[in-house]
Amino acid sequence: MPLIDYSKKRFLVIDDLVEARSMVRDTLKEAGASKIDVAMSANAAMEYLRTRHYDLILSDYNLGRGKDGQQILEEARHNRLIPHTAAFIMITAETSPEMVMGALEYQPDGYISKPFTRAELRRRIDRMLQQKEQMREVNVLLDRQDWASALQLTEELLDSKPQLAGKLLRIKGTLMLELEYYDDARRFYAAQLKDRHMPWALFGLARACFYMHDYDKAVEYLQKLMLDNQYFVKADDWMAKTLTVQGDYRGAEDILLAAIAKSPKAVLRQMELGKVAALNKDWTTSEQGFKRAIVLANHSVYRCADNYLGFIEAVLQQLEAGQTLPKATLNQVEESLNTLDNDFKGIATDTLRSRYQACQP
Amino acid sequence: MPGKIDIGLLLASTVHESKNRLVHLLQTIEQLQAIEQLQSSHPQAASELLAMEQDVRKLNHDLVRMLHLYNLKSSSYPLQLDSHGLHDFIDDLLLHFTAIAHSKQLQLALHIDEQLVLWFDATLLELAISTVLFNALDHARSQIVISSTMADGYNVIRIEDDGAGFASPADPTMPATQYSTGLGLKFAAAALDQHQHQQRRGQLHHYNPAQGGACVELWLPC
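Protein chains in written order, with this note's numbering: chain H, 1 to 361; chain A, 1001 to 1222.
The shape of chain H in the complex, shown without the other chains (with noise of 0.2 angstroms):
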């Protein structure tokens, strides 16, 4: 194995329990390493991520209270806070399959589960940071979204390190779909599902049919990939997405109702809830999506004026159709407004508000 110079690497350790933070960081500094961040929690590492830049992070999947590694890993990830370049290691003591949760589209780079010794860590980080270098020149055109570049790359990649073929193909098909080749996507991951079952390829093919406006077979691919694996929550998001495009709002919800059960603190989700009950004119199950998207967006990056705006429109639709409701509720409409005024400005609230106001008895 080359030698990795770990004093030029800088890294995160993300854990809440103080014996196992020091025996990572111990590790690291044993293999040379000098520039590692420690956090506690999950909001002391956004505010790392989100204001440094790792070659390295290792996070404990559980982190007692609040979001765990791999919510983390999924926000920091959507908003571009860890570059492709960087690893993420995700540390369990889980064989649940909840781990693997929704890992298809934000997938930890390696895992790593307890118990291990300090010599198994650092076989697990050289072997992940090298494999890190051979993918560099991929990882940093992905980054900089020259996906026609990354794609031809990693056609050279496939035919010089066979070793990385699982990660590279992934890569392949993503790429294609990003350089909209629908037609290509969809003959590459009809071919890979032939050789073997991969839930990615299977996933990849689903999408690659909804962009070509096959409806249809999405359906039936992304029903098989849910069949397959139910902890796959990424599927049911494709499904009620399919579902809507098709004109099936009532299908649509009853999916993502399913899922959130399955997987309750994904944002996005509730969001998606929350817009779907409304073409559903459901607007009990709108309001108690875009509710808890509120909830689960405050201090995060989703926290956007439209969870507080669905919110709004789903009470008053229940208001103006004579419901009464809870006091709880209509404070949380007077204080959503008044958040809407403050922090969301250039957004008009006076409709809402006499809509609110010819409500009132």
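These aren't lab readings, by the way, just hints derived from the structure by calculation. Errors might be hidden in some of the hints.
As the list claims (entries may be wrong) - A few chain H positions that, by computed beta-carbon distances, are all more than 12 angstroms from chain A:
{"hint": "1", "residue": "35"}
{"hint": "2", "residue": "117"}
{"hint": "3", "residue": "164"}
{"hint": "4", "residue": "177"}
{"hint": "5", "residue": "327"}
{"hint": "6", "residue": "356"}
Claimed, not checked - Covered stretches of chain A (in silico footprint by chain H; criterion: 3 or more residues with CB under 8 angstroms from a CB of chain H, positions within the stretch not fixed):
{"hint": "7", "stretch": "1083-1092"}
{"hint": "8", "stretch": "1194-1207"}
What you are looking at is a predicted structure, and each value in this text was computed from that prediction instead of being measured. Just so you know, even glycine gets a beta-carbon here, dropped at the ideal spot from N, CA and C.
Once you've looked at the hints, dock chain A against the given chain H.
For chain A alone, kept in the frame of chain H given last:
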């Protein structure tokens, strides 16, 4: 009337809790081992502690395997096929076994082409190989050899030890130790069976080679 109890899930949850307790126990053992004077002032205690650590690790491995068997059988296991350099994969895995092999004065030899790339689910294959290795460590006299070959569209990973071999050819699922029940090999076979390529599925074979000892072969379709 409460819903029917899912006894499988109940057992799996219990195993899961027990496993997490074992991890804590293991951390305590490691903290004791880190006491500097222990080795010099109480060598007997230090060696007992090492034996205890190995037993706890084995126990942890067994519980993890049981959980995965449960997941496989309740079909909630999401198989994750990926390409791996087999040499490095097994070399990493052997890190778990160096201490125990050393204490038993056993040689671990790895004869695998460094260029060989195979597709498999890393979690399942690691558990399957570890299971076979734990067995081999219980039986080997001086060495365990891990090698690989190609046969009939399969990549075969072969793990051989120079122990007494499987107890009864009539009942090859019963290995010679008093603690083993053959469950490990059944798990390894189930893990391999998950691996499909085109129409072929993974398989497990085990036998006593003519030159003595025991041999287990993991067949992965390629």
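Results for each hint:
no., hint, verdict
1, 35, "26 angstroms, holds"
2, 117, "8 angstroms, violated"
3, 164, "7 angstroms, violated"
4, 177, "20 angstroms, holds"
5, 327, "36 angstroms, holds"
6, 356, "44 angstroms, holds"
7, 1083-1092, "holds (count 5)"
8, 1194-1207, "holds (count 3)"
The structure fails to meet hints 2 and 3 from the earlier list, while all remaining hints are met.
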